[in-house]
Amino acid sequence: MSGYNIVGKPTPQIDSRDKVMGRARFTDDIPLHNPLHAAILRSPFASARILKVDTSRAAALPGVRGIVTGADFRRTFGVLVISKDEPAMAGNRVRYIGEPVAAVAAETAEIAAAALALIEVSYEPTEACLDPRVALKPVAEPLHPGLGRDNNLHKRVEQCYGDPDAGFAASPVVVEKRFSFASVTHAFTEPHATQVAIDGRGNLTVYSATQVPHYLHMAMAEVLEIPEHRIRVIKPHLGGGFGGKSDPFPHEMIAARLALQTNRNIRLRFSREEVFISHHGRHPTTLTMKLGYDPQQGITGIDADILIDGGAYGSFGVVTTYYNGVLLQGPYRIENLRFRSRRVYTNKPMCGAMRGHGGVNPRFAAEVLLDMALVQAGVDPCQGRIDMIHRPNTLTASEFRITSVGLKAGLEEAMRRSGWNEKYGKLPYGKGIGVACGFYISGSAAHIHRNDRPSSTVRLTIEFDGMVTVYSGAADIGQGIDTILAMMAAEVLGVGLDQVKVVVADTQLTPVDLGSYSSRVTFMAGNASRNAAIRMRRLLVAAACQLLELPPPAWEKPEPPADYFRQGRRSPDYSSDYLGPNPDYNDGFRLANGQVTHLGSGRSVPYLDAVRRALDGPGILQTHGTYRSPKLGGNYKGAAAGLSPTYSFTAFIVEVTVDPETGFVKVDKATCAHDCGTMLNPLAVRGQIEGCIHMGLGQALMEEIVHYDGAVQNAGFLEYKIPSAFEQPEVDLVPTPSDETEGPFGAKEAGEGPLAPIIPAIANAIHDAVGIRLTEVPMRPDRVLAAIRKAGAA
Amino acid sequence: MNTQLSGFEFERPAGLPALRALLTRLGREQRRFAVAAGGTDLMPQLKQRLVAPEVLVSLNGVGELAGIAVQDDGTLRIGALTRLADLVDSTLVRQHQPALAAAAGRVASPQIRNRATLGGNLLVNNRCIYVNQSPLNRTVHAPCFKVDGDVCHIVKSAVRGQLPQCQARFVSDTAPVLLLLEARLVLLRGRGERRVPLRRFYRNDGMERNVLRPGEVIGWIEIPPATGLQVDYDKLAVRNALDFPSLGVAVGVRRDAAGQPLELSVALTGLGTHPGCWRHAIADGASLSKVVAKACARAGKFATTYQQDFFPRDYRKKMIGVFIHRSLRRLGV
Amino acid sequence: MNTSNPAQPREHGVNDARVLALRVNGVLQQAIAKPGTTLLEFLREELGLTGSKRGCDLGECGCCSVLVDGRPMLACLLLAADVEGSEIRTIEGIADGEVLHPLQQAMVDEGAIQCGFCTPGMVINGVHLFERTPTPTRDEIRTCISATVCRCTGYNRIEQAFVTTAATLAAGGGKAGAQ
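Taken in order, these protein sequences are the chains called E, P and D.
Under our numbering, the first residue of the first sequence is numbered 1, with each subsequent residue one higher.
Under our numbering, the first residue of the second sequence is numbered 1, with each subsequent residue one higher.
Under our numbering, the first residue of the third sequence is numbered 1, with each subsequent residue one higher.
Just chain E, with the same shape it has in the complex (with noise of 0.2 Å):
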């Protein structure tokens, strides 16, 4: 990693001075012309259907400009070109409590509030279903009769890689058991807002907190049906995502339509409560596991049936249906899996992606069985584990192409780092330490949308006083994309990080970028900015050459290595990205200290004169760089799912404290090793890792969304507990690098893949403190003291 300028150094966020002054601009901050605020009427009943809405008296109340109900929109949408099937607005029946039934634009937020208590609605409840095991069942009226079913299945999925039984049949151990995983949401702190600007032309700029201004864009375009010219998408700052800002949303649709209807500017934004009713988050699951163990081999096999509650309509959910199958193929060897995975629908608020997407509960799963093989095969289970993990550069039994792996090493030192060897097994009662692994996609190899254009493109310019801009379509959601994308360029074009600008997520301005989900920004973003910047290089080089009178270096195509498309399926047009290995530029220039300098000769240029130059001819000093992933995988039905590019991997080492008489469990350190290649900004990766450890804590011990009837009823952050300062553990980052010659800089994700692994890390270390098994997540106390108690008495 020597020789890096930028790459690898600690480095605050290019935005967060603006932060910290309360002066960088969320979505609401923005003002714009005199809008008019925006309300959404929400369904009161989990399955009704709607008879009339009423709004003649709404629309006589003075101030009220605009009203939208169902009637106003004819095409449904969905993040996933597979299942668009939900409505910005419902029309003939609601799904569930809180579904937008009607929304209204006045002069005023109080004239809006008060002319939707004059919508009538006419209602004829029916049934609704809330069990996902009844959704299984036959019913009379279907959630979505389009898809031709007689019962509320959604989606499933059955694959079979291997001989599973024949595993279990030759293992010494086989472990199993039934768990069930609450609903766990996002809660970003930034409420959703979208605010629509419409012009005199009827242009509309839509400023949303969005994850995936891209997807917004077109699924706007096509639901309000206008041509994509006339939106403009810009995401501002944004408050935290998670993955809860990453579909197009109903009230976006809304406010756009409300836009167009009244010519007017339009203010629209989430109360918590609304936040919390349009969810998104984690599917509730229960899944049966079984896995067999046998040291010399390892795991022998898996066989998991998985059943997840989807709520009302579609959102992320078939691809959630199959992670949570497909995401069992690591960290470790594993030849025979089986699993049976179904999503259904229930008149709850939709469940989509959450940060770990599809693979974290499963991943809870595994990692408690495979715990309780290990103790009962008398292995050590850090020392199995680590002799289980893939070895680098190989395939999984459904060809996901595992290319670095640096975890082997980093579980080791994560060992000795927390003293592991000393403490399993051997601290006092009510103390204990556990481990768990997991890995993690680094953006997915396959498009939603399929066609041939990359995942992301940059472009690039240099203005006359040499300051670069770097224009992307990347969503920074907090995590830090915009600071990634400067620190790019500015090491490859070898000038100061307060030299690079980035223009960011309009799509106006900014090339296309698929958006912040499944980890995949870091790399593919990354990745495109780094190739633009080498570009942008070659024509200062060029021009230095000229200045230097030294001829231009030939830049041939450089061959990828042998292993670029490791196993893959290769394309030649996949491979029109690739500029070299990191972090060779091929040029035999040093771009430095604002001077060029020609390493051969040792003479050199200064950096502006070399920009002025390469602007001599053109007037413009502009590049692009793209990423696209190599194609993978097989080709059946499913092979797509979960292929990446490269992968994450994650180990936990956590210390607990379980007070016996009350079952509180006290997380007191967490080491962490967690091989995302190279840290490009090691600030950024500990963030991500901090942030990974509370959320994981949150759903390990006390979060979970409740229901009574179909309604949230813990809809704010006083009942929805997340955990507070207080709860946060000590944390120690082991460092754990890895050979990834793809990623940018030799980066892979570091935002998601930390999640899975610590909740099952602290159920294990429970194990190690009073000998219980959970298989209820959260472990709340009131369960583990009855956990506790039940082990006593027998």
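Calculated from the structure, these hints are not laboratory results.
Keep in mind that this is a model prediction, so the values were computed, not measured.
Quick reminder that beta carbons are idealized off the backbone N, C-alpha and C, glycines included.
Mixed in with the good hints there might be a few duds.
Calculated cross-link-like contacts (lysine to any residue; reagent style SDA-like; alpha-carbon spacing at most 25 Å) [unchecked claim]:
id	chain 1	residue 1	chain 2	residue 2
1	E	K431	P	V322
2	P	K301	E	P660
3	E	K790	P	H325
4	E	K669	D	T164
5	E	K669	D	V163
Covered stretches of chain D, going by a simulated chain P footprint (3 or more residues, C-beta under 8 Å) [stated by the list, open to error]:
id	stretch
6	22-32
7	35-49
8	69-76
9	143-150
Fit chains P and D to the known structure of chain E by using the hints.
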């Protein structure tokens, strides 16, 4: 949910005489009014449309009601308008009644303690997961008795007029300690005032929660000197921040000059419609552990506890004994 | 079954809005406020001081914390009319021009800022802590931080920024409460 507030007038009388006059006038005019000091409990209720006063009376201009003093007879007199943070920081309180400072320090969050008052904490509205909700949520489940509806979602068989009408639970963190300290309230109304022992203040109902009359406000809280009494307070909450008590237990031990325990007292919050409070004399030669067991048993039988909180009811019940024992350990018993 | 929205139409006609004068960040500001206007609305909507965030509007998240007469309070739970005569300090009034408060600088340097939505709340509460207690204990820091919900950082970096600030102040660098 629209959280914008409108539809009420705002009055902030400057000083006690003005307050008395205003409350008298509002009563005479039969106006529907609400009184707020810190407002940290009332404001969310206003925003959730749980209350809809015509007039909101702020006590924040009534400086006479703030402050802490020790009277000649040793009584600690605390103005109802005293902010919880000031109570926590007060040398007088820490010196005379450290348990009260400790309990006040466990309320909600620092910002709320900077605003919320002791009087307000004693009057904090009873809570229920079916009441403290948005209008949408209450519509879904049909409004309950506490919001002028006709059902109780906890006791489904409840009918109007049957007491307790409402099972919303009592959640003040400071009341249990003040009960053990035998605090009195000085209540102001019109030109007059009356003193009510705190133990007679609360009623067994989530709606008609106390004996405060319309137009009456708490002026002062008086704590008589209590030599030999030590009190400890702890609460069961998911997090060490923000949460109301799922259970709060105050334990007091009164000792004689020689340090021998004379009396064990226990007060509870967070479980039933009102705080429970019991005293158990420790007779000469009596087995302390028997008294403790009796106290635990009594407290355990205090209230019908409902499924209305993060923690299941039986768990909260189970924790009563655990918390009593832990308090006793901290008190050196 | 017919229902209308559960929010009952509220009485109108008693919106006796009036000009309210508040001293905000050292400047006397006047704007229209209704009896029901919260301090948060007054700051954000009337004065355009959008640094104080509306995260829940119910007193549960801490993102709207402001200093009222030097103490952190939740602007969403205060009626603007009820703090008339008080000195209000918002996140916009913490830095001295472009010179950050030591805590602000530490928050930047230590990576305590991710999405930044809770940051104003954290800073406001922290500024007050350091004015009272230049060398806070770990527990005092956590109590202070626990006043505001952060979903990004897990609080570790924020806590570190507080520790760093204490060290900076102890070394005589920066001035708590620089205005």
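Now for the hints, and whether the structure bears them out:
1. E:K431 with P:V322: holds, 20 Å
2. P:K301 with E:P660: It holds: about 23 Å lies between the C-alpha atoms, which stays within 25 Å.
3. E:K790 with P:H325: Judged against 25 Å, a Cα distance of about 22 Å means the pair holds.
4. E:K669 with D:T164: holds, 21 Å
5. E:K669 with D:V163: holds, 19 Å
6. 22-32: It is violated, with 0 qualifying residues against the three required.
7. 35-49: holds (count 5)
8. 69-76: holds (count 5)
9. 143-150: This one holds; 4 residues, not fewer than the three required, reach chain P with a Cβ under 8 Å.
In the structure shown, a violation is registered for the earlier hint numbered 6 alone.
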